[in-house]
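Asker: Sequence:
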Amino acid sequence: MVVDGGSTDHTRETAKRNGAKVIVEPRKGYGRAYKTGFLYANGDIIVTLDGDYSYPAFLIQNLLKC
Numbered sequence: 002m003v004v005d006g007g008s009t010d011h012t013r014e015t016a017k018r019n020g021a022k023v024i025v026e027p028r029k030g031y032g033r034a035y036k037t038g039f040l041y042a043n044g045d046i047i048v049t050l051d052g053d054y055s056y057p058a059f060l061i062q063n064l065l066k067c
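To convert, count from 1 in the sequence shown and add 1; that's the numbering used here.
Keep in mind that the hints were calculated from the coordinates and are not lab data.
Treat each hint with caution, since some may be false.
Calculated cross-link-like contacts (lysine-lysine; reagent style BS3-like; alpha-carbon spacing at most 27 angstroms) [to be verified]: (1) Lys36 with Lys22; (2) Lys17 with Lys36; (3) Lys29 with Lys17.
Estimated spans, in silico, between C-beta atoms of each pair [unchecked claim]: (4) Tyr35 with Thr9: 18 to 26 angstroms; (5) Cys67 with His11: 34 to 42 angstroms; (6) Lys17 with Val48: 15 to 23 angstroms; (7) Leu64 with Asn43: 18 to 26 angstroms.
For clarity, every value in this text was computed on a predicted model and none was experimentally measured.
We treat Cβ as the ideally placed atom computed from N, Cα and C, and that holds for glycine.
From just these sequences and the hints, can you work out the full model?
Answerer: Below is the structure:
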């Protein structure tokens with residue numbers, strides 16, 4: 002899932018093309034995007050990432066082994 006808060010870099014189109022569910026969040030703010038994502042997310046484990054790679058996705062598998 003991708004929460005798009007009005008990006009202008011084709012995030013929404015790229016995400017859809019790659020099979021992601023896209024949630025459009027018209028309200029601005031980093032925290033608002035997270036809250037919206039949590040509202041729509043389901044599952045026992047929820048992983049969050051940012052488009053700027055500030056969280057290294059390659060570590061997810063290691064973290065899930067804990």
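Asker: Does lysine 22 lie within 27 angstroms of lysine 36 when you go C-alpha to C-alpha?
Answerer: Within the cut-off at roughly 16 angstroms; holds.
Asker: Within 27 angstroms, alpha carbon to alpha carbon, are lysine 29 and lysine 17?
Answerer: 21 angstroms, holds
Asker: Do the Cβ positions of leucine 64 and asparagine 43 conform to the proposed distance bound of 18 to 26 angstroms?
Answerer: 19 angstroms, holds
Asker: Could you say whether the range 34 to 42 angstroms given as a hint is met by the Cβ separation of cysteine 67 and histidine 11?
Answerer: 35 angstroms, holds
Asker: Quick one: are lysine 17 and valine 48 within 15 to 23 angstroms, going by C-beta?
Answerer: Because 20 angstroms falls inside the window, the suggested range holds.
Asker: Holds or violated: lysine 17 with lysine 36, Cα cutoff 27 angstroms?
Answerer: Given that 27 angstroms is the threshold and the Cα spacing comes to 21 angstroms, the pair holds.
Asker: Does the Cβ-Cβ separation between tyrosine 35 and threonine 9 fall within 18 to 26 angstroms?
Answerer: 20 angstroms, holds
When held up to the earlier numbered hints, the structure conflicts with none and fits them all.
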